Amino acid sequence: NAGVTQTPKFRILKIGQSMTLQCTQDMNHNYMYWYRQDPGMGLKLIYYSVGAGITDKGEVPNGYNVSRSTTEDFPLRLELAAPSQTSVYFCASSKGQGRTQPQHFGDGTRLSIL
Amino acid sequence: EDKVVQSPLSLVVHEGDTVTLNCSYEVTNFRSLLWYKQEKKAPTFLFMLTSSGIEKKSGRLSSILDKKELFSILNITATQTGDSAVYLCAVEDLAGNQFYFGTGTSLTVIP
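Protein sequence lines correspond, in order, to chains W and R.
Position 32 of the first sequence, counted from 1, bears residue number 68 in the numbering used here, the numbering being contiguous throughout.
Position 9 of the second sequence, counted from 1, bears residue number 10 in the numbering used here, the numbering being contiguous throughout.
Don't take each hint at face value.
Claimed, not checked - Computed list of chain R residues with no C-beta within reach of chain W, every gap over 12 Å: (1) 15; (2) 18; (3) 20; (4) 42; (5) 43; (6) 51; (7) 65; (8) 71; (9) 91; (10) 99; (11) 104; (12) 105; (13) 111.
Unchecked claim - Below are the DSSO-like pairs computed for lysine-lysine, each with C-alpha atoms no more than 27 Å apart in a straight line: (14) 68/R <-> 50/W; (15) 93/W <-> 58/R; (16) 4/R <-> 131/W.
To be clear, the hints were calculated from the coordinates, so they are not data collected in a lab.
As the structure is a computational prediction, the values presented were derived from the model and not from experiment.
Each residue gets a CB set at the ideal place from its N, CA and C atoms; glycine is no exception.
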């Protein structure tokens, strides 16, 4: 019963470093999402994907990249880490299929850029 | 610009009280509104609302949508300490397959 799994749970980066946040789901969901959540703020959509090979920008895509080579995996890449990217990152998935389906969230990755 | 606003931002009540959380939205091409509960980690799904005036209910929690006035409420009756959490409202945009989240209402239930 894994659901949506995110790794790592915590990470500290130096300014200018790069890293990839991993997200995998085992529910055969078509749609996957990356959000960031800053203190006292709601979730902001970074990127989303409606299926393997298809990705689209959300509200706050700058400084991030994604890929979706398989249905299960949706990694988020930070190329040049900046302090403004300090946040908690959530990956989510849903069935999609042309009508609203609730999103299932991972437990989040807490990222600090120093 | 699409916007989802939740109120109040935070709320402290005693066990047994009833609370009402509000969510108003301005989203073009509205498709649905969803409520989530977020404790320490991942948000968990509570309700999905697509039609006006139809109450969704689960135990002590209930929710209703008004598409004419563009808002939804989440009611929790006979609150318990386990209800302490941040409650998030999200609205789906039909055109963009995107969800817009409010900042959440932080509920604290005191024994």
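Hint by hint, here is what the structure shows:
no., hint, verdict
1, 15, "holds (24 Å)"
2, 18, "holds (24 Å)"
3, 20, "holds (19 Å)"
4, 42, "violated (4 Å)"
5, 43, "violated (4 Å)"
6, 51, "violated (7 Å)"
7, 65, "holds (17 Å)"
8, 71, "holds (17 Å)"
9, 91, "violated (8 Å)"
10, 99, "violated (6 Å)"
11, 104, "violated (4 Å)"
12, 105, "violated (6 Å)"
13, 111, "holds (21 Å)"
14, 68/R <-> 50/W, "violated (46 Å)"
15, 93/W <-> 58/R, "violated (34 Å)"
16, 4/R <-> 131/W, "holds (25 Å)"
Against the hints set out earlier in the document, violations occur for numbers 4, 5, 6, 9, 10, 11, 12, 14, 15.
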